[in-house]
Amino acid sequence: MDIERQRSAPVYEALERFRKQRVVPFDVPGHKRGRGNPELVKLLGEQCVSLDVNSMKPLDNLCHPVSVIYEAEQLAADAFGAAHAYFMVGGTTSAVQSMILTACKAGDKIILPRNVHRSVINALVLCGAIPVYVNPDVDNHIGIALGMETSLVEKAMIDNPDAVAVLINNPTYYGICSDIRSIVTLAHKHNMLVLADEAHGTHLYFHEKLPVSAMEAGADMAAVSMHKSGGSLTQSSLLLLNDTVNTRYVEQIINLTQTTSASYLLLSSLDISRRNLALRGHESFEKVSSMAEYARSEINSIGGYYAYGKDIVNGGSIFDYDVTKLSVYTRDMGLTGIEVYDLLRDEYDIQIEFGDIGNILAYISIGDRIQDIERLVGALEDIKRLYSHEPSRQHNAEYITPIVAATPQKAFYSDKELVPIRETAGRICGEFVMCYPPGIPILAPGEQITEEIIDYILYAKEKGCSMQGPEDPDISKLNVLK
Amino acid sequence: MDFWFSEMHTGNVKMSIRVDKQLFSETSDFQRIDVFDSPEFGRFLTSDGSVIFSEQDEFTYDEMIVHVPMAVHPNVRNVLVIGGGDGGVARELSHYEEIEHIDVVEPDELFVKVCREFFPDNSKGLDDPRVSVINRDGLRFLRGKQDEYDLIINDSTDPFGHTAGLFTKEFYGSCYKALRSDGIMVYQHGSPFFDEDEEACRAMHRKASKSFPISRVYQAHIPTCPSGYWLFGFASKKYHPLHDLDAKRWNARGLKTWYYTTNLHTGAFMLPKYVEDLLEEEERAEKKL
Chain A
1 MDIERQRSAP
11 VYEALERFRK
21 QRVVPFDVPG
31 HKRGRGNPEL
41 VKLLGEQCVS
51 LDVNSMKPLD
61 NLCHPVSVIY
71 EAEQLAADAF
81 GAAHAYFMVG
91 GTTSAVQSMI
101 LTACKAGDKI
111 ILPRNVHRSV
121 INALVLCGAI
131 PVYVNPDVDN
141 HIGIALGMET
151 SLVEKAMIDN
161 PDAVAVLINN
171 PTYYGICSDI
181 RSIVTLAHKH
191 NMLVLADEAH
201 GTHLYFHEKL
211 PVSAMEAGAD
221 MAAVSMHKSG
231 GSLTQSSLLL
241 LNDTVNTRYV
251 EQIINLTQTT
261 SASYLLLSSL
271 DISRRNLALR
281 GHESFEKVSS
291 MAEYARSEIN
301 SIGGYYAYGK
311 DIVNGGSIFD
321 YDVTKLSVYT
331 RDMGLTGIEV
341 YDLLRDEYDI
351 QIEFGDIGNI
361 LAYISIGDRI
371 QDIERLVGAL
381 EDIKRLYSHE
391 PSRQHNAEYI
401 TPIVAATPQK
411 AFYSDKELVP
421 IRETAGRICG
431 EFVMCYPPGI
441 PILAPGEQIT
451 EEIIDYILYA
461 KEKGCSMQGP
471 EDPDISKLNV
481 LK
Chain B
1 MDFWFSEMHT
11 GNVKMSIRVD
21 KQLFSETSDF
31 QRIDVFDSPE
41 FGRFLTSDGS
51 VIFSEQDEFT
61 YDEMIVHVPM
71 AVHPNVRNVL
81 VIGGGDGGVA
91 RELSHYEEIE
101 HIDVVEPDEL
111 FVKVCREFFP
121 DNSKGLDDPR
131 VSVINRDGLR
141 FLRGKQDEYD
151 LIINDSTDPF
161 GHTAGLFTKE
171 FYGSCYKALR
181 SDGIMVYQHG
191 SPFFDEDEEA
201 CRAMHRKASK
211 SFPISRVYQA
221 HIPTCPSGYW
231 LFGFASKKYH
241 PLHDLDAKRW
251 NARGLKTWYY
261 TTNLHTGAFM
271 LPKYVEDLLE
281 EEERAEKKL
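Chains A and B supply the protein sequences, listed in that same order. Just so you know, we're using the numbering used here here: the first sequence kicks off at 1 and counts up by one. Just so you know, we're using the numbering used here here: the second sequence kicks off at 1 and counts up by one.
Isolated chain A (complex conformation):
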């Protein structure tokens, strides 16, 4: 990485130059630097609305970057150790879908773990690829789905020599990493591309003590959520490529679904955040890691909570652990994660990232201060004092092995009927069911419904998880294939 070059921010600088030129706008957006919408200016501020401008020659165009956006993307590629980088304005969802649509055509097979984000399976619905699931290992104590055992990935490759790609979470929402280096070596031996979902991995690129990043491991493509640990605005993201992928084809794929009116608020936030990460990322993530470690040790000393860290690494399905994550297992206190999540928000004014059946995840980032960590720990201690009770062991597992009966695309477009959920066992599901967050499907289109899955869905709903996916918002009925 060329540090001197990283000090510049081409998109941001072009916007500054443009502002000083005081160009009279007879183009979109129609609010004309906010003058046509004073209430919006009051809410967002003059500075913010004046940056909301159209693509034009001095500011480049995201659909076909040739000047400042192109330079900014090159700087991003350099900062992340990639051959190419694309600024994405449709969330990491758009980066994930671009990877899959690049790698797979209709009928192609792709090897992936089942605990993927919904955007992955959505991409399969779009392109008609066939998922080959590698069952992630499940930790029986904390109940969460882990990474993929390398040997199981290799078996899937041998069993499916016609597969075109492997997709890896690096890391999972909970911070768990598979052995991505070994998987890359195997995949390339079998002529398969490696796609990494790094929605939770931006920071891996900026600290050597964190798990290895996808680009460093030699993966072919990576979708990186700059807006999570990278500090850019929500909905902005990066797609990274190694030199093994045809950039012209990737650009065509991106432009299939990308807006032609990309927001300069998002683009400039990507540019500035990349600069910040390149110049100060190492120092920031050192601090984030030490705050998370401090929080872990304090939470573990309360008793009753289990804040896991590097101690769960097992060399296989947990090849490495991202220590900036603060995941806490809560069931030993008789409380589900979602109950603790709700108590923290309703009683203590603390909003954490998510709670599932057994765990909570607090997101620690470059914006946190140690006194906020003290509040979180203090609140968890108070929750233990006031709300803990005898643990019940019902429904510990967050992961149920799916039975794929049809491809996601076929199931999605088949004729379906709405059936009361209790009567759906044995039928093939036509839609997604998931708790959001974390947004990992419990059921995906094309999967067979079982009693175990129905019990899990109803239990999660009763415990207050926000359920998404089905047409029926109550989830009292599900769409199944006729």
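Hints listed in this document are in silico derivations from the structure and should not be mistaken for laboratory results. Please read all numbers here as calculations on a predicted model, not as lab measurements. One should not assume that every hint holds.
Claimed, not checked - Per the computed footprint, the stretches of chain B lying under chain A, defined by three or more beta-carbons under 8 angstroms from a beta-carbon of chain A, are:
no. : stretch
1   : 137–149
2   : 163–173
Unchecked claim - Distance ranges between label pairs, derived from CB positions:
no. : chain 1 : residue 1 : chain 2 : residue 2 : range
3   : B       : S16       : A       : N255      : 55 to 63 angstroms
4   : B       : N75       : A       : E283      : 50 to 58 angstroms
5   : A       : G36       : B       : L264      : 57 to 65 angstroms
6   : B       : N75       : A       : L386      : 24 to 32 angstroms
7   : A       : G36       : B       : L23       : 26 to 34 angstroms
8   : A       : S365      : B       : G42       : 37 to 45 angstroms
9   : B       : D48       : A       : D349      : 17 to 25 angstroms
As the list claims (entries may be wrong) - The calculated DMTMM-like cross-link candidates involving lysine to aspartate or glutamate, where the alpha carbons are at most 25 angstroms apart (straight line), are:
no. : chain 1 : residue 1 : chain 2 : residue 2
10  : B       : K210      : A       : E339
11  : B       : K210      : A       : D349
12  : A       : K42       : B       : E196
13  : A       : K287      : B       : D121
14  : B       : K177      : A       : E390
15  : B       : K177      : A       : E251
16  : B       : K210      : A       : D346
17  : A       : K384      : B       : D147
18  : A       : K384      : B       : E148
19  : A       : K42       : B       : D147
20  : A       : K42       : B       : E7
21  : B       : K145      : A       : E347
22  : B       : K177      : A       : E4
23  : B       : K177      : A       : E452
24  : B       : K177      : A       : D342
25  : A       : K42       : B       : D108
26  : A       : K42       : B       : E148
27  : B       : K210      : A       : D342
Built from N, CA and C at the ideal position, the CB exists for glycine as well.
The hints should help you fit chain B onto chain A, whose structure is shown.
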């Protein structure tokens, strides 16, 4: 020279104090601290641009936050002061001989240092041999403490700045746990007058009355506070601030005060109608839950 310090009490109300000179300005990990000399309020200290105390009116809250609980609790031995790095609260506490130990937990070392330099009259309270000054986050200090204190005084004033953690349910819960079975906690309750302060004031009462069986509010007039009107919270496991007031015992001590009297003690709990109403609203909301 026309040299003024101004503090916005709301977006539309500004309090200004003519300044003679600025004596100090530095930013710690927690706050920016400034010290000024002024003709009207004498020397005063500000944190992030808000007046924390002035020589002219600090006696009011130091007396009100110490003597009120001390005149009620019959046997205070162990006291915890959260914040209070200036030493004013410790100074008032040091007049009571039965107190055996006082922990003053102030996270900001710079704050203590500045007060020692510019407000020696306050900080001499920290020199009492019974006082330990601990530079640690208040919530962190309280963690794991159980059944140790007879009195906890939360001397922090700002529910939004770096002391925000001391106005939370987890803080009140931690204090409850750290207090003995007849313990009392008093705390700065803010000012209820301006709209934007009202919600913070309500929230404090809501949280305290949820954590403690007895939770009352009392008042004082402090000119440098927003609207000049300030409230304190009295949260207690056993003693009632009025029914258990032992005026005779307290007056027999012969302590010299400028603000507090046992008559004022009773009067301070008699609140204006609008304050009574908003507190009762929070109590009712609490019962419904």
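- [ ] Of all the hints given earlier, name the ones this structure violates by number, lowest first.
- [x] Hints 7, 13, 15, 19, 22, 23, 25, 26 contradicted; others consistent.
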